[in-house]
Amino acid sequence: MSHTWRVHVHGWLLLLPAAVLLVTFTHYPVAATIYTSLFSTPKPGRPSVWVGLDNYQAMVEDPVFWQALGNNFWFALGTIPLSVALALLMAVWVNGRIAGRGLLRLAFFTPTVLPMIAVANIWLFFYTPGYGLLEQFTGLFGLPSHNWLGSRGTALGCLVVVTVWKEAGFFMIFYLAALQSLSPHLGEAASLMGAGRWYFFRRVTFPLLMPTTLFVLVNAVINSFRLVDHIVVMTKGGPDNTTALLLYYIYDVGFKFWDQAYAAALTLVLLVILAAVALGQFLLLDRRVHYQ
Amino acid sequence: MTRAGRALETAGAWLLGVLWVLPLAYAFWTAFHPSEFSTRFVLTAPLTLENFAR
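Protein chains in written order, with the working numbering: chain A, 1 to 292; chain B, 293 to 346.
The set of hints was computed from the structure by calculation and includes no laboratory data.
Everything numeric in this text was worked out from a predicted model, so none of it was measured.
Ideal placement from N, C-alpha and C gives every residue a C-beta, glycine not left out.
You may find that some hints are simply not true.
[Said to hold, decoys possible] Taking CB as the label site, the calculated pair distances span: (1) Arg346(B) - Tyr56(A): 47 to 53 Å; (2) Phe333(B) - Val23(A): 54 to 60 Å; (3) Ala275(A) - Ala317(B): 36 to 42 Å; (4) Phe320(B) - Arg97(A): 57 to 63 Å; (5) Phe25(A) - Leu314(B): 37 to 43 Å; (6) Gly70(A) - Thr340(B): 44 to 50 Å; (7) Pro47(A) - Arg346(B): 47 to 53 Å; (8) Leu311(B) - Gln180(A): 23 to 29 Å.
[Claimed, not checked] Not the full set, but computed from the structure, chain B residues with beta-carbon under 7 Å of chain A: (9) Thr294; (10) Leu307; (11) Ala319.
[Claimed, not checked] Part of the chain B face toward chain A, derived, beta carbon under 7 Å: (12) Ala296; (13) Thr302; (14) Trp312.
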């Protein structure tokens, strides 16, 4: 065996474990999803047959799909800016010299480590009509009773609050790490030049945090499209599909209605949306990102 | 930054911190108290481990 050949074999063998995992758990499921979406769902006595783009046609004509997509849009619009802004604020606070800094970091980060179902159960009790904690609080001000999770106007907003509470601390960690990696000389130089705190943040700190902001934004978008657990516990997509987000609808179609072909078509659309949004974010924000 | 400004910032941070930890404090409170106290805060409510025994 020649030396070059041995180097190649060695290289491929080193690559093999990662390649096998990547193909098995990423590429194969995507290919299988595409394949499944082009066939009908097999039923007893009725095997799966090629239907082409029929599942996609059904999706275009499905009002619940459009409602779930719209819900997801509002959900993303509610959670992403709020959780990212709060994360930045938290990080700036707990990075500075503030009394009880360690405790504050713990308070902000703890919701992140809790299991999603446990979190949903706690908040479910807050929102319970009649005797939930929120009802008791609003009752102190003489406000009438309200079914927070059962009303079309407030159900999605309630989920937004829970998600922001759960995610802001997680994003705070990334901002905190980025803030701690900034050179303290920058602040010293700025104060010597007479720059105010807000001016320094706006002109120096925030631009230097842009790589982190880009990373956090991409993650926030992905998270806003993959929420299922809270919905299962708190609303089950109701009332009247007001809180049915896209992934929850896919779960419903795939595992309640057992229409796997249609669920595969929906999944593919979700993948395309996420890929397009992530690509758009990279292309648009990359010009504003300063890595040094 | 003025002392008042710093105090205001600390107060704001702590207010948000308390707000953030309240749902967990509530879960902790209900876990160690009888179920009839899960919807009303009574400081003298008896402590119990019955929720864990169940």
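Consistency of the hints with the structure:
no.	hint	in the structure
1	Arg346(B) - Tyr56(A): 47 to 53 Å	holds, 50 Å
2	Phe333(B) - Val23(A): 54 to 60 Å	holds, 55 Å
3	Ala275(A) - Ala317(B): 36 to 42 Å	holds, 41 Å
4	Phe320(B) - Arg97(A): 57 to 63 Å	violated, 30 Å
5	Phe25(A) - Leu314(B): 37 to 43 Å	holds, 39 Å
6	Gly70(A) - Thr340(B): 44 to 50 Å	holds, 46 Å
7	Pro47(A) - Arg346(B): 47 to 53 Å	holds, 49 Å
8	Leu311(B) - Gln180(A): 23 to 29 Å	holds, 25 Å
9	Thr294	violated, 11 Å
10	Leu307	violated, 11 Å
11	Ala319	holds, 5 Å
12	Ala296	violated, 14 Å
13	Thr302	holds, 5 Å
14	Trp312	holds, 5 Å
The structure is inconsistent with the numbered hints 4, 9, 10, 12, although it conforms to all the rest.
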